[in-house]
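Residue numbers (this note's numbering), protein chains in the order written: chain X, 1 to 334; chain D, 1001 to 1376; chain E, 2001 to 2093.
Keep in mind that the hints were calculated from the coordinates and are not lab data. There could be a bad hint or two in this list.
Straight-line Cα separation of at most 25 Å, BS3-like style, residue types lysine-lysine; simulated pairs [said to hold, decoys possible]: (1) Lys1314(D) to Lys1049(D); (2) Lys1336(D) to Lys1314(D); (3) Lys1327(D) to Lys1049(D); (4) Lys1365(D) to Lys133(X); (5) Lys1327(D) to Lys1314(D); (6) Lys2042(E) to Lys1002(D).
Ranges of calculated distance between the beta carbons of each label pair, as one might list FRET restraints [what the hints assert, rightly or not]: (7) Glu243(X) to Gly2026(E): 33 to 41 Å; (8) Gln1285(D) to Ala105(X): 54 to 62 Å; (9) Glu285(X) to Arg1242(D): 55 to 63 Å; (10) Ser1129(D) to Glu285(X): 47 to 55 Å; (11) Arg1178(D) to His131(X): 40 to 48 Å; (12) Thr1311(D) to Gly154(X): 22 to 30 Å; (13) Gly132(X) to Arg1291(D): 51 to 59 Å.
Glycine residues also receive a C-beta, built at the ideal position from the N, C-alpha and C atoms.
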Amino acid sequence: MAHGAGGKASRRLVDGLLAPLLYRQSDPVEGDRLADAARVLVGGAPIAITTDSFVVTPLAFPGGSIGELAVNGTVNDLAVGGARPVALVTTLVLEAGLPTATLVAELRAMRQAARDAGVAIVGGDTKVVEHGKVDRLYISTTGIGHPLPGVTLGARSVRPGDRVLLSGPIGDHGITILLARGELDLEADLRSDTRSVFPMVEALAAAAGPSLRWMRDPTRGGVATSLNELALDSGLGIHISEEAIPVRDEVRGACELLGLDPLHIANEGQFLAVLGAEAADRALEAIHAVPGGDSVVIIGEVREEPRAAVLAGSRYGGTRIVDMLVGDPLPRIC
Amino acid sequence: MKFVDEFRDSELITRARDEIRRLADPARHYRLMEVCGGHTHAIYRFGLKDVLPSNLELIHGPGCPVCVLPMGRIDDGLELAGRPDVIFAAFGDMMRVPGAHGSPLEHKARGVDVRIVYSPTDALKLARSNPGRHVMFFAIGFETTAPSTALTLMRARAEGIGNFSVFCNHVTIIPAIRAILDSPDMRLDGFIGPGHVSTVIGCRPYEWIARTEGKPIVVSGFEPLDLLQSIVMLLRQLRDGRAEVENQYQRVVPWEGNRAALAAMAEVFELRPYFEWRGLGFISQSALRLREEYARWDAERVFSVAGVRVTDPKAAQCGEVLKGVLKPAQCKLFGKECTPEHPVGALMVSSEGSCAAYYNYEHRKTAGQLRILTPA
Amino acid sequence: MCLAIPGRIVELVSDPVPLALVEVTGVRRRVDLGLLHDDMPKVGDWVLIHVGFAMSRISEEQAAEQMRMIAMLGEDEAAMEEVRGYGLEGREP
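Start from the sequences, fold in the hints, and give me the full structure.
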């Protein structure tokens, strides 16, 4: 069960099982295959392609629903892979007995999200399975995109001195879902942040050009997991400032009450980027000008040490390692 | 956040840090124990060790109710959870604690009805809304948490709710501190006293530590400024040659404790003659069980419980780390066979266990030997 | 054992057990006041919350007093150094 939560277990499943069993040296891909999106050469030209599946409970929650997540999730994987999202195909697995109204609502949500993101849904499939075999509805989406010119991303091009950028406040989606499940009797005025990050990414790529080194969307497992992946893939130390990380009051309150760390909570409308220090100011300015980009901020920088680890520091000099999640974030009382 | 942010103020933390540096005698090596697991977690979470001088050592105490729970108790609880009519309810802290046949979460993945609750009253609510099932609340915690369990049981009794029981693992803090002081390998200069336990029991129960054992103890809050101020107060006592009980956490801890909470505990619980603490062995009068009047809600009496005793693997040095004799990294299994992903002992599972806290927040600051997963 | 958070009482609910709606920076939860029946808090009071129960009232005066004490840390020492700096020690009054 821990394997779906993002973080160490998920990564091991992909690295340790999928990769060796499925990938071959001779495959027509270019670049780093463990990234969010792969680049396939079709007739010699690269096309970005990625896939993901969505199994959230409850199906609908403040700020969105599974349909929106399914579209934006794949759109964002393409975006942070450095590509303009173009089209999606989708598979819906339905539990027998799912009310038609629910299905229609989700299809409408997908249509609207696709429109908002500027992508076409060009194909799809459905399967109905026995009652109890899936939890109402699972959606999978596969997307293709056009690589942005002049953008080459990879953890290996990250250097000490590079800056770490975060698009906006963290934890909104994960806490919204936790509260929407109703098991903890907590109420707050919070919404999922699900949206396409492509407009911000496009602005960033245009402003930073070759100074843009790496991007990721911190979904399951949160910012902590994405930055740890960067640290492991680059072998460098990622230093972030506790005070710089934007967190809404309500997310903070819920995390304090439940003993959770906002850095481990899922986001569905944010992205992280690493870029050369020389491009930081103009990158911030460019993203700020995009609707929804007003909270963009530099949260830290890359250094040599501690190798392959993420360190968070506070103004008074206290530091702590930020580790990857093991399984789902669990509320605690101790 | 009010009453939180002020106590995380960087300027003031720096001031407290400087005062500590001024007070700490360079010719001395100070060993202060923070008893409570919540303090251990806070120390690592806020990076307070970076702020303290090198001749001031913080030793982690056994105040982690998950860490001191013997594996056999978890196995007993999970065995009851396996019955089709039972809903096993527990705090999130318990969910990854390994039993002999897996953790509660692993049982859940196999189809056992395991639910995470934030409050014992949530467990009682589950019982009300599931009249055909039996809800068993697996209770853990020191005196901070026991009154809430007690009040919940009083409510269950008043409402005549029959499909609810408590598997009680509440333990008390004073015997744990006594066990530390009685331990021959222990040399301590003073204690950072548990903050939230003290909201219930007050500060009087610690007086023997100062009077008989001659060690200063300062009851402390959990924010960085609270802990640093408590250390200042301890250093002042040590400088002056005093040994007293002081209350740093006055905004929350009443010297006399919470009478209503103590009364609720006395109404529902009695002391067990003895109880096994993981790593510390059997300690008399150190744990609570339900009184006869509440037998109907006592899971150990409602169901027949195997009472399994499970000893820890010999290689695991949980006991010594729990007592502060060993540092987490000194345990032979630390970071190798025992990590947060596959914990051998509870100190690695509970987020306030010293091994987990050290592993998650600290040890890689200096480790240069990590395997790097870059593709070739 | 010890995760307890300060929250402000925004509403009192008294049936059948004493409860309060408590807010922690915008997050609200119903909290049981049964352990504070000797000294019932009012709307606007701050309480310490642990496992859905209010454990204690938070004293604003004590908190302010504590902040004052911390802010003064090192000032005694600073005052002493200043006096020493005047070279007044060992002089005849």
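Cross-check of the supplied hints:
Between Lys1314(D) and Lys1049(D) the CA atoms are separated by roughly 31 Å; this puts the pair beyond 25 Å, and the hint is violated. Between Lys1336(D) and Lys1314(D), the direct Cα distance comes to roughly 15 Å. Compliance with the 25 Å bound is thereby established for this hinted pair. Only pairs whose Cα atoms come within 25 Å are accepted, and Lys1327(D) paired with Lys1049(D) is accepted, the gap being roughly 14 Å. The hinted pair formed by Lys1365(D) and Lys133(X) fails the criterion: a straight-line CA distance of about 45 Å is larger than 25 Å.
For a cut-off of 25 Å, the pair hint linking Lys1327(D) to Lys1314(D) stands: about 17 Å separates their Cα positions. Restraint check: the Cα-Cα separation between Lys2042(E) and Lys1002(D) comes to about 18 Å, which is no more than 25 Å; the hinted pair holds. At about 20 Å, the beta-carbon gap between Glu243(X) and Gly2026(E) misses the expected band of 33 to 41 Å. Against the hinted window of 54 to 62 Å, the Cβ-Cβ separation of Gln1285(D) and Ala105(X) comes to about 60 Å, which satisfies the hint.
Remark: the range hint 55 to 63 Å for Glu285(X) to Arg1242(D) is upheld by a beta-carbon distance near 59 Å. Between Ser1129(D) and Glu285(X) the beta carbon distance is about 54 Å. The supplied range of 47 to 55 Å therefore holds. For Arg1178(D) paired with His131(X), a C-beta distance near 58 Å fails the hint of 40 to 48 Å. The beta-carbon spacing between Thr1311(D) and Gly154(X), approximately 50 Å, falls outside the hinted interval of 22 to 30 Å.
For Gly132(X) paired with Arg1291(D), a C-beta distance near 43 Å fails the hint of 51 to 59 Å.
Against the hints set out earlier in the document, violations occur for numbers 1, 4, 7, 11, 12 and 13.
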